[in-house]
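Participant: Chain by chain, the residues run as shown.
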Amino acid sequence: MHGEIVRRYRVFFAWQDENEERWLRAKARDEGLHLVSYTPPFVYRFRHGERADYAYRLDFQTTRRQDRADYVQLFADAGWEHVGQMGSWQYFRKPVLAGEAPEIFTDPASKAQKYRRLLALHTVFLVPWITVLNSRMWERHPGPVAEALRLLFLVGMLFWIYSTMRVLGRVGALTKQAKQGKRA
Amino acid sequence: MSSCEDGLVGKRDDLREYLPLTESTYYIMLALSRPLHGYAVMQRVAELSRGTVTVGPGTLYGAFVTLEQQKLIEKVGEEGRRKVYALTALGNRVLAAHAERLKTMTRAGSEARGRR
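Those protein sequences? They're chains A and B, same order as listed.
So the first sequence is numbered by my numbering: it starts at 1 and just counts up by one.
So the second sequence is numbered by my numbering: it starts at 1001 and just counts up by one.
No lab work stands behind these hints: they were computed from the structure.
C-beta atoms are modelled at their ideal positions from N, C-alpha and C, and glycine is treated no differently.
Each hint can be trusted.
Straight-line Cα separation of at most 27 Å, DSS-like style, residue types lysine-lysine; simulated pairs: (1) A:K179 x B:K1103; (2) B:K1071 x B:K1083; (3) B:K1071 x A:K179; (4) B:K1083 x A:K94; (5) B:K1071 x B:K1103.
Calculated Cβ distances over 10 Å to all of chain A for the following chain B residues: (6) D1014; (7) R1016; (8) E1017; (9) G1077; (10) A1097; (11) H1098; (12) T1104; (13) T1106; (14) E1111.
Sequences and hints are given; from them, build the entire structure.
Facilitator: If you want it as structure tokens, here you go:
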């Protein structure tokens, strides 16, 4: 049904943004689903329309409100429509014309910078998380519920470590490419 | 090891932290020899590099932020929603220093391998 809002559920972690970009393109090209918004956790809302080939690209930017207009305008001038933002993730799309490969990042150094911005925000969680885990309140309120909750925090911490390593891996690979003087 | 040619004697040390420039950064700074807004820089880079270097908006925006933090460029005005940037005096010196390196490399190339 054209014009209808369709929901899809899909899990993409921070280091899987390129997979997410490919998935969004496939939705537009194969099913005529065009992204309207993304709301956590993992819910994508699409408008059902004509099938069209759009390249989707994600940027991670914590621009202040006064800089936002300039940022969006730069992309718009280059043909990229700002679909919306989720946290600091900025979603852009551009129609793909024959023989073109639209990119918002054209060198590996700037791609690495994007992941570094993500890591900067990511590390903000570290101190409060460790504080909670090490807190003495667990001893003061023993019991199965506290145990389960503490375990959940521990698992969260492990996941945080894992995702940091994955993103660091991407930064490393891209920085190596940049040092070799490669163009994107 | 002084060189009177490039006029950067004594100043070369403080510029070294900015060098070498990446290919994209060099062209972006070159474009900002004149005040320009974002998209105009994109077009100028393509023009100056004869189409061999294209800068995407994500790359360009990131470069503006970094170069502004490093005080190599500054905002000199606005055109509607678009910020207009230009090189600072420091930016001009860094660009000149990088261009000198490139000249030395090309000269050495001709010397070692002869002109084609």
